[in-house]
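Student: Build the full structure now, drawing on both the sequences and the hints.
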Amino acid sequence: MDKQEDMERRLSREQLLKVAAAAGGASLLGGRVDAAHAALDWLNADSGRLQVLDWAGYGNDGGQAMFAQYVKAHPKNKPQFTYMGNESDALAKIHAGLKPDLFRPYVGWVKYFAKSGLVQPWDPKQISNFKHLNPFMVKAGQYKGKQYGIPDDWGFDAILYRSDKVHPKARSWGLLFDERYKGRIAWFDDLNMLTIAGLYLGFDKPWRQTDAQLKKSQKLLKSKKHLVRLIWSSETNLWEAFGSGEVWIAYAWPNDWVQMKKKLKVVYMRPREKPVAWVGMFMLLKGTKRPHLAHAYVNAWSAARSGKWLEDNYGYGHANTLARPSSSDLLKALRLTDPRAVTEPNAHLDRDIPRRALYARMWEEVKAS
Amino acid sequence: MAIADAGSSSQRAFRPRRLRLDLTTPTLLGLPLAWLGVFFLVPIAIVAAYSFDVYSLDPGPHGFTLTAWHDFLHSSVYLALFWKSVKLSLTVSAIIVVLAYPLAYYLALSGTKRKYILLLLLIAPFLTSYLLRVLAWKVILGNQGVVNTFLFWTGLRSPDHPLSQLLYSRFAVMLVLGYIWLPFVALPIFVSLESLDRRLLEAASDLGASRLQAFRRVTLPLSLPGVVAAFLFVFIPTLGEFVTPSLVGGTSGYLYGNQIVDLFGTGFPDWETGSVLAIFLLGVVAVLTVVFARFLQPRQVVAD
Amino acid sequence: MDVALSKNGARLLRLFFIVVVAFLYAPIVILLIFSFNKSAVPTFPLSGFTLHWYRAFLANSEIRGALETSAIIAALSSAGAVVLGVLASIALTRHRFRIKPAVSALLLSPLVIPYVVFGISLLLLFHTLGVPRSLLTVVIGHIVISLPYTILVLVPRLDQIDVSLEEAAFDLGASRLRTFRSITLPLILPAVVSAFLIAFTTSFDEYAVASFVVGTRVTFPIYLYSALRFPSQLPQVIAVAVVVLVLSLAVVVAAEVGRRFVERRFVALESSG
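Chains as they are written, first to last, in this note's numbering: chain A, 696 to 1064; chain W, 13 to 316; chain B, 5 to 277.
Note that these hints are calculated values from the structure, not bench results.
Any given hint could be a false lead.
Said to hold, decoys possible - Each computed DSSO-like pair below joins lysine-lysine, with the alpha-carbon atoms no more than 30 Å apart: (1) A/K920 to A/K910; (2) A/K919 to W/K96; (3) A/K917 to W/K96; (4) A/K917 to W/K127; (5) B/K11 to W/K125; (6) B/K11 to W/K127.
Claimed, not checked - Computed from the model, here is a short list of chain A residues facing chain B with C-beta under 7 Å: (7) Q746; (8) T777; (9) A791; (10) G792.
Using N, Cα and C, we set each Cβ at its ideal position, and we do this for glycine too.
Tutor: In structure tokens form, the structure reads like this:
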């Protein structure tokens, strides 16, 4: 493996020299065209490796165990990662010309992407671990009977707070809007903040709010934004601010709780309005050049061993029903043994927002206000 | 392709042996202008087309419409955000111009022999990495940052009560932007002061003017073009700034530039609105540039 | 008596100058100190000396790859910008044509465009043309933004050169190319080198435009930006930051000193010849 990396490095050295020669020679003296061509090829080259567009923490920045099996089977084609801040960001990147082989939106986006024509269905037969995946989540990955999304990680949107500093008046999403903690609150940079606001306001269909309801949700967020220190878009950014005491209350995911409880007194609160549950769905880009590798990669992620690692280290659930975490704390807190933990009455499973563009625009207005 | 072209046409440009000088003008200018045309003007035109929905990301039907512009101009949100960015940029630019003036004055008029070395000392940080200088401030500010932990360590402040508003605040954005641009603003002011004819000051002094009077009546007015240039050279780029705010700004440091980026990025892609915001910013900058063009003599910046 | 500054005034300003320079360099010095600090988080008190972070960054192929990529992009784009800049500057200084003000305004206009606007413009262009994003698209953008800087450096130098030298060579039967190669180019060479260096540093450091048009391979600023947002490898990044800052300071100083030295010699030559 190291040898190969060495080889790659040497190659890139050579290419570097070639390119430097091309730059100097070709442009200053109007010189050799073939050198210029070599330079161009280098610049344009697609590395040929499996391209994964995924969330921070799921690539070479800590998530290696999840795809170790894949790397073992395909040492010559290690995945190359680009990171997405959220699904909108992934969509923008793909629109802008990024061509990942696969990426991971969450369950609420399955319908959107399936309809968009940007993705193609998977072939479950090529994924040997598929049969162990939670059938309920598998179904949530389907659109018109085809398997567009392969479920893997799952978890919740809920509230993380420091119990030594914060004393909530109620177990409610309202803690994110609590005037007593001005400058200590963090929200997440995503249009689903409007859904959260809708839940808090007690609307029965926060994903399908009427114009009047949306206006109310937006008004709530706008009027409370002055309390917010940070609208985070990467978990490590949140950890940094939370860990160093700038932020005491945050919209957060289970992994944030797992990380923060290592050094701080924190509570991961399930609000009475119910947390929002999500399931990560690998999706395959239409026209990918490496479908075989993409399937192999997802299969590695779907293994029970990977699932256990994810549960133990990140505190997320995993769709593989054979995966069990070692810590019973976690088991209990996240109801990891309960296959229906993500649905009513435990939680609201995130779902498609038909008027997503409108939600997005209203969320942007909140940030800009 | 581009490189090969660049090479061969530089040959082409000088090949004609006995042609008259001005005949080569188009050959010389052809490539640079073509480059800017294709990769600078056309892209901007495309953004403008997007903003009127003449052209669109979505395959659906579209045609010329002013909807996005209408929404923008009637949305108090975006214009308020723009105004917030303007105020912030104005403040930063004004503060650092005021700070930079005495520096330039010292270098240009104190008669120090090492003025160019000192000038280089002043400007050198500007020529190093922008992001790394932001990184430095991120390490310094912050509840567990260098400043606070230093205060804890020396007992000047208890760890329970750190200076908490340093990072993720409008203050952080202004501090970092000021830090980044300060060395650069000194340059145009220095040039205008340096080219000042000292005999004018001597004459003023001979006529009985005090130093302060001479400064107010002679030096300051004559150095004003440099001051205006310095101001604009900071104001214009900081107006569209998004990198610094996104790293140290938090919610209150969110600026117009961030909004543009979000409309093309982490927000659900809304390229039409994003284009409107971009073209509006460009328009404001263009107007400023044209109005103050006579102060923006670029040679003032590079001549030394 | 000095007409511009009293003695005390000069002292005061000198003090102010020292304070500001200290302010400008303090963050860099702080990075330097913490790059040798044992603890993984940059906080006081210092926890001991180590070279570990430097070793770690040298072993980090991701950082090195990003540095290499940026170096290549910077070399290509500054070469391109210098070629275009030389062509344009010669036209602007040696030729007379009616629309010169408009042309020079256009050539310099990338100086004042907010990079975020230019970034999305290029993004839309490549999207419209169906050009996939890659390092090439970054090079194209960087040539545009570096071009005005090269012109700003080259034009004053070309203005200084006595045109009669070129005319003499031309009259003696040298071709245009030959005149350029043996008279003009040597005379403007120092300026060409500084133009190249300015363009190089501009490109090497550029994040905003690159972030919109880069493909899957990352440049150094893009790596840095994500390292700032995902601060898990902070100490290594601080170490690499120190190396890059010190190197670029050294290059800046060396280039400036060298340019002055060479230009002085040319000025001497010109005045004696």
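Student: If a hint holds in the structure, say so; if it doesn't, say that too.
Tutor: Going down the list of hints, with the structure as the test:
no., hint, verdict
1, A/K920 to A/K910, "holds, 15 Å"
2, A/K919 to W/K96, "holds, 18 Å"
3, A/K917 to W/K96, "holds, 16 Å"
4, A/K917 to W/K127, "violated, 52 Å"
5, B/K11 to W/K125, "holds, 16 Å"
6, B/K11 to W/K127, "holds, 17 Å"
7, Q746, "holds, 6 Å"
8, T777, "holds, 6 Å"
9, A791, "holds, 6 Å"
10, G792, "holds, 4 Å"
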